[in-house]
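2 protein chains.
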Amino acid sequence: MEVKGFLAGAVKAGIKYENRLDLAMIFAQSPAVIAGVFTKNEIKAAPVIMGMKRLAFGRPVARALVVNSGNANACTGTQGLKDVVQTMQLAADALKIDSREVFVCSTGVIGAPMPMERIERAMPELVNSLRPDGFDAFSQAILTTDSHAKVSERMVQLTEKTGKILGIAKGAGMIGPVLGPPHATMLVFLLTDLALEPDFAQKALNQAADASFNRILVDGDTSTNDTVYLLASGALENTPISETLAEAAAFQEALSQVCEELALMIVKDGEGAGMAVTIQVEGCRTQEEAQIISRTIAQSPLVKTAFFGRDPNWGRVLAAAGRAGVALNPDTIQLFIDDIQIVKDGCGVGSEAELQAKGRMRLSEWTLRLNLGLGEAAHSVITCDLSVDYVKINADYRT
Amino acid sequence: MEVKGFLAGAVKAGIKYENRLDLAMIFAQSPAVIAGVFTKNEIKAAPVIMGMKRLAFGRPVARALVVNSGNANACTGTQGLKDVVQTMQLAADALKIDSREVFVCSTGVIGAPMPMERIERAMPELVNSLRPDGFDAFSQAILTTDSHAKVSERMVQLTEKTGKILGIAKGAGMIGPVLGPPHATMLVFLLTDLALEPDFAQKALNQAADASFNRILVDGDTSTNDTVYLLASGALENTPISETLAEAAAFQEALSQVCEELALMIVKDGEGAGMAVTIQVEGCRTQEEAQIISRTIAQSPLVKTAFFGRDPNWGRVLAAAGRAGVALNPDTIQLFIDDIQIVKDGCGVGSEAELQAKGRMRLSEWTLRLNLGLGEAAHSVITCDLSVDYVKINADYRT
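From first to last, the protein sequence lines are chains G and X.
If you read the first sequence in the numbering used here, its first letter stands for residue 1, the second for the next number, and so on.
If you read the second sequence in the numbering used here, its first letter stands for residue 1, the second for the next number, and so on.
Rather than coming from a laboratory, the hints here were simulated on the basis of the structure.
Model, not experiment: these values are computed from the prediction.
Check the hints yourself; a few may be wrong.
Any copy, or any two copies together, can satisfy a pair, since identical chains are not distinguished.
[To be verified] In silico DSS-like links for lysine-lysine, alpha-carbon gap of 27 Å or less:
no.: 1; residue 1: 203; residue 2: 4
no.: 2; residue 1: 82; residue 2: 344
no.: 3; residue 1: 344; residue 2: 53
no.: 4; residue 1: 161; residue 2: 358
no.: 5; residue 1: 161; residue 2: 96
no.: 6; residue 1: 4; residue 2: 392
no.: 7; residue 1: 12; residue 2: 40
no.: 8; residue 1: 392; residue 2: 203
no.: 9; residue 1: 40; residue 2: 82
no.: 10; residue 1: 40; residue 2: 344
no.: 11; residue 1: 16; residue 2: 268
no.: 12; residue 1: 161; residue 2: 344
no.: 13; residue 1: 82; residue 2: 4
no.: 14; residue 1: 392; residue 2: 358
no.: 15; residue 1: 53; residue 2: 96
no.: 16; residue 1: 358; residue 2: 12
no.: 17; residue 1: 4; residue 2: 358
no.: 18; residue 1: 96; residue 2: 392
no.: 19; residue 1: 392; residue 2: 268
no.: 20; residue 1: 203; residue 2: 82
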């Protein structure tokens, strides 16, 4: 797991727990193009505020990303912002670079002050840990309630060269990303050895994130910290890819695939999740209506507990659709679990179909398809069940 | 527990389970004025469709209410509507009244056909069970996952006479009423021995329901069956109360109190609920913004699991407020648990305050007060925690 032009590393800084990797770094050996999308939550963590500000002005380059788990640095006021600036400076000093080339991400508990002395103390060792194959340690260090690291790789075939995209993500809870364009505390880092034009990098990221991270929902609780960064080292020395190049499509496709794969991994490893369910809502008048209905179903506690019970309780699905604020005609509603129809024209098909559907619900991935029979528009989101473990994890989180 | 002019009763009809009261009736000894509010869910149960249609035309009178638990008669198509008509006719025949004077309510599983032969078989015994003190049996028969019956009574002092309002409710799950005006499968029956003008009855009910049932949220899953009926027998032979009479205010106040008391009971007995939390959002620009934010907080799985863990995890509250789609200023946010301030100007007050707050969260009723510092508008809703038991109850519901 390497990407030309980048080094990575991680250390145990003791930010929240002893003896686990919790401070990580990615280092670009020469200035990398950076693009980003961030949470749309009105309450934004300090590193998100800083990152957005940096990307809003000019075309920044990045030399380093510093990421910590255990503390979100959210709702920490001006001190939180100062702590981000100090982290940037600490990293810049240790790496002998400009602090404006450092980007910071945090995930963990909201409202606790950043233990800056621990970050300061750990910085030399962190820089020392950087190596081409340091991404394993990096992907471990950024986790919180995740049960495992999430990594996806794709090759991008150009005319003469083969580029690579490496994606590393963390997810688990507070997942209902609405990034700007997309969203989760989802942190995602996308690295490529290809050279990209900055504008193209941002557009490609917007498009990939919108079709992936913006379509997953664990609990619908959009995080204060959701961030996706794309860094392009250009180590492959290709002509920087812009929208007008034929290679743009190949890059976009590979980037979208990496994002979709990571998004699915995040749902499957959602807090307490036992399955990933695609909620496909079709036959709507507009795409917006399809989106509202699919998100309402994906957030319904009654629907999600029925998933947990492997109960094809379609009445709850119809009731959730019915409260989404969209005018419906009950008589034209069809509902399927994978290819098994369980509702026909608004009424249940019967217990035999439901028994078959129950079998599908025991799989780790399946699709709930709702056709409203009102038009041609469609939208889908991926969600998980609401389990006893989700409640236990989140009742105990800070204790 | 009696109200002049009304009889009540209940029987074991075996609609879903053997050997429990599940079919109930209220009988008005002479025609009663009726008013109603119904779920705003687009997917409405057959008895709701019928009830709305009846109240939309003219000023109906009611002689009988038939209520069953165990089957919601929702998503049952034209057969469901036929079954309501048949139930009306069965009751009318047994009571020797006009079937247009019979109203029907159902609660229970969605999508199962009504076992009409059982209702037909039980009808003579149901009519036979009617008596002035039959409201105990009635209040038991309408329950589903409720742990106990919910009853509230108030006296209404008129110049010369003292009237009475008796309220009987069921709640538990699928509670996020949005009735028209208000909403839950919440069923509420309000009976008074006073005479009311029909228009006043409907307006008084709208107002009382809006300030009570429309402000509670167990899971936010607005039911297909939520119904509140107000019946006035007029047995007290007072001049029918209209808006212009001085007595209107006294009646409105008593009715509102009954509704508020029942609404609180519904939350406290919500599926798996261990507490009732008032989410008071103030300092907003508009009442609509206060409403959106209070409902978003009340539906946040992360906030509600923190309640369950008695964890004053205020970061989750701020994050939920921040994703409500309303522009916020983090620096002017104050948060209190009862009178204990835990967030000042967007930052945590500290662990001592949180420890105190934790103590309050162990009570069965407490208030979360969020002041956004943006204006003067406010709104409150009452919700409960999201517990392990909620998940267990709803994962197993149909099995």
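Results of checking the hints against the structure:
1. 203 x 4: So residue 203 and residue 4 pass the 27 Å test inside one copy only (23 Å; across, 72 Å).
2. 82 x 344: So residue 82 and residue 344 pass the 27 Å test across copies only (19 Å; inside, 59 Å).
3. 344 x 53: between (51 Å within a copy, 25 Å between copies)
4. 161 x 358: This pair counts as neither: shortest intra-copy Cα distance 48 Å, inter-copy 60 Å.
5. 161 x 96: neither (32 Å within a copy, 89 Å between copies)
6. 4 x 392: The answer is neither: 42 Å in one copy and 50 Å across copies each exceed 27 Å.
7. 12 x 40: So residue 12 and residue 40 fail the 27 Å test inside a copy (31 Å) and across (53 Å) alike.
8. 392 x 203: neither (39 Å within a copy, 44 Å between copies)
9. 40 x 82: Classified as within: same-chain Cα gap 22 Å, cross-chain 49 Å, threshold 27 Å.
10. 40 x 344: between (38 Å within a copy, 23 Å between copies)
11. 16 x 268: Within one copy, since 25 Å is at most 27 Å while 36 Å is not.
12. 161 x 344: Neither: 52 Å inside a copy, 56 Å across copies.
13. 82 x 4: neither (33 Å within a copy, 71 Å between copies)
14. 392 x 358: both (25 Å within a copy, 18 Å between copies)
15. 53 x 96: within (23 Å within a copy, 76 Å between copies)
16. 358 x 12: Cα proximity of residue 358 and residue 12: none, with 45 Å in one copy and 31 Å across.
17. 4 x 358: Classified as neither: same-chain Cα gap 47 Å, cross-chain 51 Å, threshold 27 Å.
18. 96 x 392: neither (45 Å within a copy, 56 Å between copies)
19. 392 x 268: both (18 Å within a copy, 21 Å between copies)
20. 203 x 82: Answer is neither: 30 Å inside a copy and 56 Å across each miss the 27 Å cutoff.
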